[in-house]
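Asker: Listed here are the chains, written in short residue letters.
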Amino acid sequence: MRKVAYVLGLPVVLFAAWYLISAGSESFYAPPLRDILASFGRTWTLDRLQADVLPSLLRLTAGFLLAAVIGVALGVAIGLGPRLRATVEPVLEFFRAIPPPVLVPVIMLFAGIGNGMKIIVIVFGCVWPVLLNTVEGVRAVDSVQLDTARAYGINGFDRIRRVVLPSASPQIAAGLRQALSIAIILMVISEMFAASNGLGFTIVQFQRSFAIPEMWSGIILLGLLGFGLSLLFRLAEGRALRWYHGLRAASKGR
Amino acid sequence: MRGLLGLAGLLVIVEALPRSGLVDDGYLPPTSRIVAALGDEVVTAEFWQAVADTLTAWVIGLAVAVAAGVVVGVAIGAVPVLRAATSSTIEFLRPIPSVALIPLAVLLYGTDLGSTLLLVVYAAFWQVLVQVLYGVADVDPIADETARSFRFGAWARIRHVLWPTALPYVFTGVRLAASVALVLAVTAELVIGAPGLGKMIAVAQTSGAVPDMYALIAVTGLLGVAINLAARAFERRTLAWHQSVRGEVPA
Amino acid sequence: MLSVSGLRKVYQPHVEALRDLTFTVERGELVCLVGPSGCGKTTLLRCIAGLLEPTGGKVSLDGREVSGPPPGLAMVFQEYGRSLFPWMTVRDNVELPLKQKRLPRTRRSALVEESLTAVGLAGSESAYPWQLSGGMQQRVAIARAVAYEPSTLLMDEPFAAVDAQTRADLEDLVRSLWQRLGVTVLFITHDIDEAVYLGQRVLMLSSSPTVVQDEITVDLPAERDQLHTRADPRFTELRTHVYEQIQAAKLSTRTG
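Residue numbers (my numbering), protein chains in the order written: chain A, 1 to 254; chain B, 255 to 505; chain C, 506 to 761.
If you're looking for bench data, these hints aren't it; they were derived computationally from the structure. Honestly, I wouldn't trust all of these hints.
To be verified - Covered by chain B, per the in silico footprint, the following chain A stretches (three or more residues, Cβ under 8 Å):
1) 10-20
2) 48-58
3) 92-104
4) 173-186
5) 189-201
Glycine residues also receive a C-beta, built at the ideal position from the N, C-alpha and C atoms.
My request is simple: use the sequences and hints to build the entire structure.
Answerer: Right, dumping it as structure tokens:
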């Protein structure tokens, strides 16, 4: 009971405060929350969700998954080869330091303004945290675990699949979490630049046509999306890394 | 040493790809032409003005975010009731993508510095706040009870127990916030058109000055690397005295 | 049969860990290796297990020269916490090497069940290693080695990190498994009592750079137990002898 109060208390208070304070608002930019909510229902109809939100989510998923696969595969290769790593590390640091949205104009040159461009932008922005975290995780694989694998004849691809990847998985998950928030940002930015549909495109359209309550409803939808995806990721991570959280709790208790 | 080889390799590849015709040099100009464009840029006052604008937004945004993050974090962390009451709200607000605020920023501030600052502060604030909260949660209960048994007041406990424990986390937060702040500063300039390097990239793109665009992007990357290196060095130096860092030094 | 002849290992730059080691372990024998700390026991073991390339000399197992981890060999590491894979349950840990041997599923589950029962862990199959105590984790590692059906079992100070009572139990477990399965066991330890209590023979190593300092045959009865064997006057004599040799080995390096 008390826990529920703690979880819901502040959000309810804030929501109520926004609702009440904005109720009589005459300000053009900050319309009453009541109007925003009303426009939320009107704006994000099933058709709209299908026409604008679904394409955004599909591009996000495709880009994120591709980045994950590429990042992990390259990260394992680089992490297992110390010479390769020493050679490419500064280059990787440089690519990671480039603010990902500036890649949009570059990739537009190569891939136009279609779905391909948006997916490539997401891949190119997301791949670095996955890659660098995988390299770190692979480097940190325990030497006794590797010896054990070798002593029991676990070699080649099996060693990577059964020992190296699981051992690096907590680090990889950390990289994927960073990549997910970058992916959402790039999804929106790439649509703001050049698109005919998508969440980012629609919100900018509302802003440009001064449809303020609709714009606010779009911002709220984006917020809900970000929250929902991060919740989903946390659930998936909690499942996949149950052993890791248990191990940490066990070694802390000791 | 090997790293230099890797960088040299990148430059050679970027030179060779368009020259060999594998990639259209209208899309990817060779290294030499990008470097030449960079050379032309760095002698203009406009370029340095853009760098100064970006860094101004970065510095102000970061400072505001760090100050707000630390104050809010310590206040929430020091009062258990507050911590319990705010955690769900923070968990909800944190993953909201900063770019969702772009339309709002445009409406409120147009293409001024304010637009950039709104995004930078919003994104960097969470990095600091979350780290400070981790740090506060790391306070050793025995140390806190010791302080209490000597009848330390709330303020003294914050100063002598909570703050020293949280400090390494604060620095981690500042380091993370520093790179996020740069990303958002450039993004805001690029998308909204606020003055700075990002806007120059957008202008170069629309006017078809491809080598200049690559040169400017490389500059943002170098700025990012420089900020990362500086933040890491700063973290190491300021924390050299600190237990948690000393403990990591191999005997 | 395990034979080590003229084994030498020099780490770069010029750190001679093993100088010249020659000994054999007959099929089905249980031999303990003791030596002062830092005498290169682990280097020796890693050479035998094919995890480390020796600088000179050779190791052969059942007549075949070792040039990589040999198939009939199983190893139990000192660091059980790091040798078991924390992302796998006890069952999966024991089963993984059997999958690599491409054994059919039914055979695998029979071996897993048998070996876990043999080490007294039946019923813990679905637990994760980190949910178990240190002694139980080392039992899992032993079960994994036993299930592999090796001809030779290498044990690298397996009980150095468990408490004294668990240790006594595990020593008896090793003796009984060895007697039942008839495997060749090479057991490395720094504990003199443990070496004498477990072994049929005890090889004493010198300090690094290592050679075989001395060797004794343990003429205690085959049926041993913690209470009576350790109180046997012959046990005391043997352990005194080994102790003296180890002390001498330490002294000779200090003066030399």
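Asker: If you test the structure against every hint from before, which numbers come out violated?
Answerer: 2
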